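Enquirer: The whole structure should be built from the sequences, with the hints applied where relevant.
Sequence order for the protein chains is U and E. Position 42 (the first sequence) corresponds to 42 in our numbering; numbering is contiguous. Position 239 (the second sequence) corresponds to 1239 in our numbering; numbering is contiguous.
Hint data in this document are derived by calculation from the structure and do not stem from the laboratory. These figures come from a predicted structure and were not determined experimentally. Treat each hint with caution, since some may be false.
Between beta-carbon pairs, the in silico distance windows are [stated by the list, open to error]: (1) Leu1176(E) / Lys190(U): 50 to 60 Å; (2) Glu1099(E) / Lys259(U): 48 to 58 Å; (3) Asp114(U) / Asp1152(E): 45 to 55 Å.
Glycine residues also receive a C-beta, built at the ideal position from the N, C-alpha and C atoms.
There are 2 protein chains.
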Amino acid sequence: MSLLVNKEKYFLEKYLKPCADVNEQFPLEIGDDCAIISSSEDLLISSDNSVINVHFPSTLDPYFIAYRALAVAASDIIAMGAYPDGYLLNITIPEPSDEWFKQFSNGISDFNDDFGTNLIGGDLTKGQLNISVTVFGKKSKKIIKRNGAKVDDDIYISNKLGLGKKGFELYNKQILDLPNQYLKPKLLSKECIEAINPFLNSAIDVSDGLLLDLNRICDQSQKGAVLTIHDDVCINSIDDVVAGDDYVLLFTCAAKHSKAIRKILPNSIRLGNITEEKEILVTDKEGKNMNFEKLGWDSF
Amino acid sequence: MSLLVNKEKYFLEKYLKPCADVNEQFPLEIGDDCAIISSSEDLLISSDNSVINVHFPSTLDPYFIAYRALAVAASDIIAMGAYPDGYLLNITIPEPSDEWFKQFSNGISDFNDDFGTNLIGGDLTKGQLNISVTVFGKKSKKIIKRNGAKVDDDIYISNKLGLGKKGFELYNKQILDLPNQYLKPKLLSKECIEAINPFLNSAIDVSDGLLLDLNRICDQSQKGAVLTIHDDVCINSIDDVVAGDDYVLLFTCAAKHSKAIRKILPNSIRLGNITEEKEILVTDKEGKNMNFEKLGWDSF
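Expert: Structure below.
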């Protein structure tokens, strides 16, 4: 019998291979049992799923499904003070089509152009639409963990909250003008993350909501926090502090670095301080305590 | 407000953290944005999804779902002549429960004991049950690719075909005695794969069926193959050559290594040879041409 092309191979060859450069760091063409990462340095690696009707609506254009899934995963590398180099992509889909793959691979390709990353492998299989991205980057000199927050550290976000929520609302009105932080999350640049790295004690990306993600820093650092939500923190309403999908960097650093932080991240906002006591106190601009029913997004 | 434990964190802490050792190679506890792989050598990395009702039945015990998903993914590292060290595990599940996670984490734990591997990170999210495993191992001296088959190479499988199919049939009759190659795939040992590595020109694991996987070797090597299916190749019936789920190693090597192969892999079976002409010819023990409607398993 002649050699065969099955569906998996057809879509892989036609749409995914063009997104995969072979170079010194990734010396093997996609399509083998494994990919090779050629690295003499330690690697940061993270894996994230984007599931239909959980992380994105069923109507979302495959271009944005791809771009968003990759950006959301890459954001975890940036949250540790490093930058993504490449990723594996597992696509679970009920029935693949040329139209879907054409758009989806355009999203991959544009993401690679924007972030200088490379697709190096993955899997294509049948099931409910679910995009699993495993992204990695070379360890930076200083790894910024969640557990490094120190008492009296300033707490910052790299930009205002609510752009993700606003982007989703615009998408729901079919206003698809870019930039849109929901459809194509913009992340910190490589230059920014390299410049800010030495100053940070702890960091996380705001994916599930500011308070939930701050909770993770406090929990792992065995600390607490006091913060004030001024008018300039939220672009929509006060609910932006628990909305998530922002992909801004939430970080803590010693107060003495405030000038450097402002210089590198002119849009950053100081929210408050890390405290000894293990609780999070949120006040409004008048100093009144604020309470929230939930701290952020939980997929369950 | 006090610090919070959400569902994701609850299951992570209670069931997954105990499967994750911190050591020199994996210096970071799970629960941060990324994992760290401390390695001065190149890495082999591969990612595989196991989806409910596609790769396993909805009735399958979570213990076996975990063990199988990990073994199937690890098999890809072995297929390149190396051995798995660790993995990231993304769990998509409709509604997590203590009972499910208890069994599932026992499967992880037993897999780690059997293979000397470590869970280093991942993701837990809502959706149709889908287990995504990204496994990696240190590059061995010689990387065995699919595209290395040479004309006149002998073609071998490391063991008979059909144990996966038989295991699944036994499972369907609720006969759960072990060993069962479907429920708990047994893979080549580290010693075996290290010993055989220098002799191989190409290799792949038989996951989707012998003929489909041989097709992949031939396609990527730009070669063909002639093989004879003797009685000792299949344990059930002739359909075992297209059944898949075997996770035996299919490999090619120069004929002069036959003694070494037999010594390292006494259960291995020589099936035929690689040819110049790009087609696969299969004959039965009487030399009669055999044809198959499909070459193996395709999830679409």
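Enquirer: With reference to the structure, classify each hint as holding or not holding.
Expert: Here's how the hints hold up against the structure:
no., hint, verdict
1, Leu1176(E) / Lys190(U): 50 to 60 Å, "52 Å, holds"
2, Glu1099(E) / Lys259(U): 48 to 58 Å, "54 Å, holds"
3, Asp114(U) / Asp1152(E): 45 to 55 Å, "48 Å, holds"
Hint compliance for this structure: every hint is met.
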